[in-house]
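**Q** Using the sequences and the hints, build the whole thing.
There are 4 protein chains.
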Amino acid sequence: MNNIKIGIIGGTGYTGVELLRLLAQHPAAEVLCITSRSERGRAVSDLYPSLRGHYDDLAYSEPDGGHFAACDVVFAATPNGIAMNYAKQLQANEVKLIDFSADFRISDAALWSKWYGMEHACPELLVQAVYGLPEVNRKQIRKANLVANPGCYPTAVQLGFAPLLQDGLVDVQSLIADCKSGVSGAGRGAAVANLFSEINESVRAYNAMGHRHQPEIEQGLSHIANEPVQMTFVPHLMPMVRGIHATLYANLKSNDVDLQALYEAHYASEPFVDVLPAGSHPDTRSVRGTNICRIAVHHLVQSQQALVLSVEDNLVKGAAGQAIQNMNIMFGLEEAMGLDLPALLP
Amino acid sequence: MNNIKIGIIGGTGYTGVELLRLLAQHPAAEVLCITSRSERGRAVSDLYPSLRGHYDDLAYSEPDGGHFAACDVVFAATPNGIAMNYAKQLQANEVKLIDFSADFRISDAALWSKWYGMEHACPELLVQAVYGLPEVNRKQIRKANLVANPGCYPTAVQLGFAPLLQDGLVDVQSLIADCKSGVSGAGRGAAVANLFSEINESVRAYNAMGHRHQPEIEQGLSHIANEPVQMTFVPHLMPMVRGIHATLYANLKSNDVDLQALYEAHYASEPFVDVLPAGSHPDTRSVRGTNICRIAVHHLVQSQQALVLSVEDNLVKGAAGQAIQNMNIMFGLEEAMGLDLPALLP
Amino acid sequence: MNNIKIGIIGGTGYTGVELLRLLAQHPAAEVLCITSRSERGRAVSDLYPSLRGHYDDLAYSEPDGGHFAACDVVFAATPNGIAMNYAKQLQANEVKLIDFSADFRISDAALWSKWYGMEHACPELLVQAVYGLPEVNRKQIRKANLVANPGCYPTAVQLGFAPLLQDGLVDVQSLIADCKSGVSGAGRGAAVANLFSEINESVRAYNAMGHRHQPEIEQGLSHIANEPVQMTFVPHLMPMVRGIHATLYANLKSNDVDLQALYEAHYASEPFVDVLPAGSHPDTRSVRGTNICRIAVHHLVQSQQALVLSVEDNLVKGAAGQAIQNMNIMFGLEEAMGLDLPALLP
Amino acid sequence: MNNIKIGIIGGTGYTGVELLRLLAQHPAAEVLCITSRSERGRAVSDLYPSLRGHYDDLAYSEPDGGHFAACDVVFAATPNGIAMNYAKQLQANEVKLIDFSADFRISDAALWSKWYGMEHACPELLVQAVYGLPEVNRKQIRKANLVANPGCYPTAVQLGFAPLLQDGLVDVQSLIADCKSGVSGAGRGAAVANLFSEINESVRAYNAMGHRHQPEIEQGLSHIANEPVQMTFVPHLMPMVRGIHATLYANLKSNDVDLQALYEAHYASEPFVDVLPAGSHPDTRSVRGTNICRIAVHHLVQSQQALVLSVEDNLVKGAAGQAIQNMNIMFGLEEAMGLDLPALLP
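Chains as they are written, first to last, in this note's numbering: chain A, 1 to 346; chain B, 1 to 346; chain C, 1 to 346; chain D, 1 to 346.
Errors might be hidden in some of the hints.
When chains are identical, the list treats them as one kind, so a pair holds in a single copy or across two.
To be verified - When the alpha-carbon atoms are kept at most 20 Å apart in a straight line, the in silico SDA-like pairs for lysine to any residue are as follows: (1) 96 <-> 28; (2) 139 <-> 222; (3) 96 <-> 110; (4) 114 <-> 302; (5) 253 <-> 173; (6) 5 <-> 62; (7) 114 <-> 300.
No lab work stands behind these hints, which were simulated from the structure alone.
**A** Printed below as a string of structure tokens:
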């Protein structure tokens, strides 16, 4: 089999370097080019010495769509509002696109514009784009040319709620997602708020009155539930680099349900969702560096609630790893190829 | 005025050293004696070099009730099940007791035994004991001889929910407290689970199916609401030393309420509860080392919910600081004496 | 006695907020005004909620020398190259200046220009300026109008080496200072290198071939030794916010010396240098939030070396605390006034 | 080729779980059995959920030499003083032994007893044992049946000093190793000193007057230099889990030497030593999870010193990774097999 030829748009940030780390251990991937305006001409292993010995001939080049014509697939690891400008040309060249940003995640262009504060460059592609959550949309991903890779919070939250919603077991107006995230989710931009001296030894909530991932999650959950779902979503920033811990609450319609059996059955054949034994509490480090979403479900009988604890590595299952999982599906490879390593612990 | 003469039972742990730190800057306090079985004979400033220059003549002595007869008040900074064995003798000697442990927090002895796994040594004192949350029980504390200092989670949670419950604004069956705590709350005992290498760069929930602070909180909230309150409580461990962040959810009976005004009015005259401006997100570091509980309230109109963010330093307002606040009240001192310093930030 | 009236230039950074924290607990200090171009008009307690309740009427004002005429003393908590522009006008108004920056630390203007890359605005004041290390220059500080507050590394290193050099016990060409610093020393500027995700779980050296504090330290050590001293200086960045640990090596001229007695005698009457018992290893947290420099000395007989371990809080003894100590000396107050609190531990 | 059949003695600690993580991605390794007295009968993936999906049939068994007869090689990831009791029986069964502990690192039994405080169980094997630092002893390792895997500090320090010593460029009495280590090096034992609340936001030296790794390092350096080497060694504990940063100082005999060229040539063909370009400062995270030792060398002309910055992951190149590298060499596999993944960053 030939290697898949890969282009990367904007690979200087944390999802970019994580993508490079994971592709270095993928047996069927070859990175042809990587672009960055700010770092053009610089060797990738000079910016990231952790990659020395793995990409010694790769340097950042000036972004310019022409580069990508020889690629089979392009990953866009860019801020919101960039990838949508590349999508049409890539389609014209028959190059697949897996977009890490939010550009193609919301199918309603007006809703997208409201949350992201700009006009969409190609709203006609929104319906074509497939939302890249394999556990929900595997079939569509297989045939997709344009995949919107889910956000980090949306992945942990949707995988946590899905079994309850698919089987109609909970009040769809009662959902609460109290999420705790590492700081790498905020990216590598120079911002006072993300300085070590601002973050260490402190915890706080943010965007309690509205976070951009909320409409994405509600769209996904409504799709799974097949009815409109409303969710309260409160993200918190943790003094750690990697990891998301989603603590999910939902009111059960009945206490007469075996949640443990439900979750185990729902995810029995999934390579990247691991349901822990009853009574467990997953810690984020147990998935560090891996593409696993690890879930525990608790039945709070007294309050007739389901409590779901869902953890992931925001840079892997919440970004670069899930993107590779999508690539594997799109190109007919084994889904777990290059992604089956254990977590780095401690 | 004469100094208050103070005894400390078991001051080798984190609440003990924090009590010593705070008392060193209290203008009317004098530590007469401190006991510890394991460290008897050792200078306090040898175990804690951070106290060098402040308690140079103080050494740990063998615990034995006789020591405390000359004290005005004794603080018990001991594990659960110890202080209850000292209570009667202290009463006989007319020495007040402020207990950091859970021994006198639950007024129902059977419920206490169920959660703490032992018989209570003096159940007859449970009704005498005053629950030391000044914002709720200030009058009773003034006359108390035996104060049960509240737990760390219970302080942040009760102060956060109190205005809603006192005014009957929420469904008392809908409360959720998603709490995030620093590791110092787990104490200074040698435990693998609290090693740096187990905690750093990771987040997890624990005791999701039942934590000892739950009956304490429900008892307190029911008292405030004047009806039985049920709460879902999920504690999480953070990779930080100090701080609790309580994220509180409650379903409002009506959206026709001004939550910001409610909270500001409720706490207008409290020296140690600080209600932030509308739209705020308190961070735990903003109260590090202080006796402040800092609160922000958000009205989630769409889901008709109140969202309360409540932060404290678990070792201060959640333990040693609140104990000193109680002492100040019990001895007729200015309530904020020795406790009015700003937070250590960054 | 009247309060000392204080102005602060540029108080938005970490040394600025630390200065405000410490002045809040100083019994004879009153902050009249604080300036900041970027934050003018904003309440100090809005930028730093940790200060709520302490400076509620204080807001940042536009920098403009006129403000300070009513002050007794001005602290400049600014980047290098700013304070030197205020010095002459303050002198004309008979307002004392304590400068946190490097503007007046190097007495040789040419050497200063070489390391700081600009012309000095008032080289004639360099000789007037007193280097504000009280343990060395207390007498001159008492009469000074312009004090150059020492850098953070220079304080820990000079206090560590001083007893050896003053008594001529070591080869002055053999000194090595291997220093470990918390990140707050790098300030609150938005820089990728100081992001949490860049710093946590990592250690590295920086500026191994030359750091601006080296000429400052060598000037100070040469002054103490009364002969030219040369030192190898390698600073390292630690994944912590506060604290400096200086590990100091020097070749002894003879093994026939009692280093422990030497250090204890040298610092016997110093309020802010604490020599630990023989065999100790100070940790930086033991001085967190305090003005103490804590020192242990080890005699490595086999290699005929002195090993000195010197720790401080870079924002206190390394900046704002030492500045207040200098203020106390300059105004004839008790030297430890407002600075005698124990460390925050854990 | 057949898989190498592996036994592990004592695999519950951090070097044990790291060994399992690395072996899971080794294409020619098969773990037959793993022993632990305290955890016998427990599934490995129950103790370490991070390994779920990788060792689902592996459980800890009672230690008892008989288990290992079917193995090709046994790794001892045990405290000092255990492996030496297994060595003879393994030899009798023709099973190779790679020992992570110090039992076979010091060839002088009396010196070993002095530092480790016990009698050696099989001093006659000390001369047979090969010190497993491949960059120095590759030929001997190839034929060895008993390999003493080097300590974490010794690996970083010896690799850092080796080029200078081998070429006789420095004064062998002038060496200083100022080392900074993550806490995982102290193991997973329950110890107050290693609690999160003791370690975070603090730095300190320890064992300044003598650390067990000193004789090991001096023995190794003397072997490389072919003359007795004396070194000052001061280890420090960092608030991080993984990583060692060794800062090495040595007095050059002459300034007329090109250190950069020397280091590049010395390590040109080494798969796991990476010499950075001139002027670099390696950070420990750049090798996190990898078997790389990354080195920068600086020539301090003024003081005629070499300054070497050497970083490694203490659990990989400092323990489990180097052990696998040794296994690869001993069994004639490609030396980098299973070890060529990039670092986890951020």
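**Q** All the hints need checking, so say for each whether the structure fits it.
**A** Each hint, compared with the structure:
Taking the shortest Cα distances, residue 96 and residue 28 sit within 20 Å of each other inside one copy (16 Å), while across copies they are farther apart (36 Å). With identical chains, the CA atoms of residue 139 and residue 222 are at most 20 Å apart within one copy only, with a shortest distance of 19 Å there and 52 Å across copies. Taking the shortest alpha-carbon separations for residue 96 and residue 110, neither the intra-copy value of 25 Å nor the inter-copy value of 60 Å comes in at or below 20 Å. For the identical chains of this complex, residue 114 and residue 302 are inter-copy neighbours only, at 17 Å across copies versus 40 Å inside a copy, given an alpha-carbon limit of 20 Å.
When the C-alpha separation of residue 253 and residue 173 is checked against a cutoff of 20 Å, the pair qualifies both within a copy, at 12 Å, and between copies, at 15 Å. For the identical chains of this complex, residue 5 and residue 62 are intra-copy neighbours only, at 19 Å inside a copy versus 50 Å across copies, given an alpha-carbon limit of 20 Å. In this homomeric assembly, residue 114 and residue 300 come within 20 Å of each other (Cα to Cα) only across copies, at 19 Å, whereas the closest approach inside a single copy is 37 Å.
Checked against the numbered hints above, the structure breaks only hint 3 and satisfies the rest.
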